[in-house]
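Q: Sequence:
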Amino acid sequence: MKLEVVLVCFVIGACEKHEAAQPVAAIASSAPSAEPKIVQGQVIVSGRLPPEVVQRVVRDGFAGIRSCWADAFRKNPTLKGRVAVKYVIGRDGSVMDARDDASDLPDPDVVTCVVGAFRKFSYPQPEGGIVVVEWPMFFNTLP
24 MKLEVVLVCF VIGACEKHEA AQPVAAIASS APSAEPKIVQ GQVIVSGRLP
74 PEVVQRVVRD GFAGIRSCWA DAFRKNPTLK GRVAVKYVIG RDGSVMDARD
124 DASDLPDPDV VTCVVGAFRK FSYPQPEGGI VVVEWPMFFN TLP
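24 is the number of the first residue of the sequence shown in my numbering; add one for each residue after it.
Calculated directly from the structure, the hints in this document are not laboratory data.
Don't take every hint at face value.
Per label pair, the in silico range of CB-to-CB distance [claimed, not checked]:
hint, residue 1, residue 2, range
1, N99, M119, 17 to 25 Å
2, A86, G116, 33 to 41 Å
3, G152, P129, 30 to 38 Å
4, P100, G151, 44 to 52 Å
5, S69, D94, 25 to 33 Å
6, G104, S69, 18 to 26 Å
7, Q148, D124, 23 to 31 Å
8, G151, A86, 17 to 25 Å
9, K143, I67, 18 to 26 Å
10, Q148, T101, 39 to 47 Å
11, R114, D83, 30 to 38 Å
All figures in this text were calculated on a predicted structure; none of them were measured in a lab.
The beta-carbon is built from N, C-alpha and C at its ideal position, and this holds for glycine as well.
Can you make the complete structure from the sequences, with help from the hints?
A: As structure tokens, then:
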């Protein structure tokens, strides 16, 4: 089973759920321009774990992702680009594999840090096998 969903828009310090069929535009137009923005792209969940569960786990662990980005943004406030992570949730709910999925953010340390944050997530056991998730994020840029 393959589901395409747009799950979450993240702005440093805020989180909203969007039920849109297309990638979500930035929700932080009123946020100060000095704040780094993270905008969620179109997420693909393949397997038998509800997208809402995947979203909740990422949202609950988002501080690790935000930390990767905030540290780099303080050093380089013009840093922007896409970070995409493709990962596999095993039968036991652990992340078996996580890797960069053609990110274009020009700071490889941020990409490595974000991928590492996804590796730490723990999910409920999926029904009937593994789950593959493709999770793109746009840092200081729109999808």
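Q: Note whether the CB distance of S69 and D94 lies within 25 to 33 Å or breaks it.
A: Since the Cβ atoms of S69 and D94 sit about 32 Å apart, the hinted range of 25 to 33 Å holds.
Q: Kindly confirm whether 17 to 25 Å is satisfied by the beta carbon distance between N99 and M119.
A: violated, 33 Å
Q: Taking the CB of Q148 and the CB of T101, does the distance hold inside 39 to 47 Å?
A: At 43 Å between Cβs, range holds.
Q: Could one say that the CB atoms of G151 and A86 fall in the range 17 to 25 Å?
A: Since the Cβ atoms of G151 and A86 sit about 31 Å apart, the hinted range of 17 to 25 Å is violated.
Q: Taking 33 to 41 Å as the hint, is the beta-carbon distance of A86 and G116 inside that range?
A: Roughly 20 Å apart at Cβ, these two residues miss the hinted range, so it is violated.
Q: Honestly, do K143 and I67 meet the 18 to 26 Å range at C-beta?
A: The hinted range 18 to 26 Å holds for K143 and I67, with Cβ atoms some 21 Å apart.
Q: Go ahead and decide if the range 44 to 52 Å is satisfied by the Cβ distance of P100 to G151.
A: holds, 46 Å
Q: Verify the CB-CB distance for Q148 and D124 against the hinted window 23 to 31 Å.
A: holds, 24 Å
Q: Can you tell me whether the CB distance of G104 to S69 sits inside 18 to 26 Å?
A: This hint holds: roughly 25 Å between Cβ atoms.
Q: Can the suggested window of 30 to 38 Å be confirmed for the beta-carbon pair G152 and P129?
A: holds, 36 Å
Q: Between R114 and D83, does the beta-carbon spacing fit 30 to 38 Å?
A: violated, 21 Å
In the structure shown, a violation is registered for the earlier hints numbered 1, 2, 8, 11, in ascending order.
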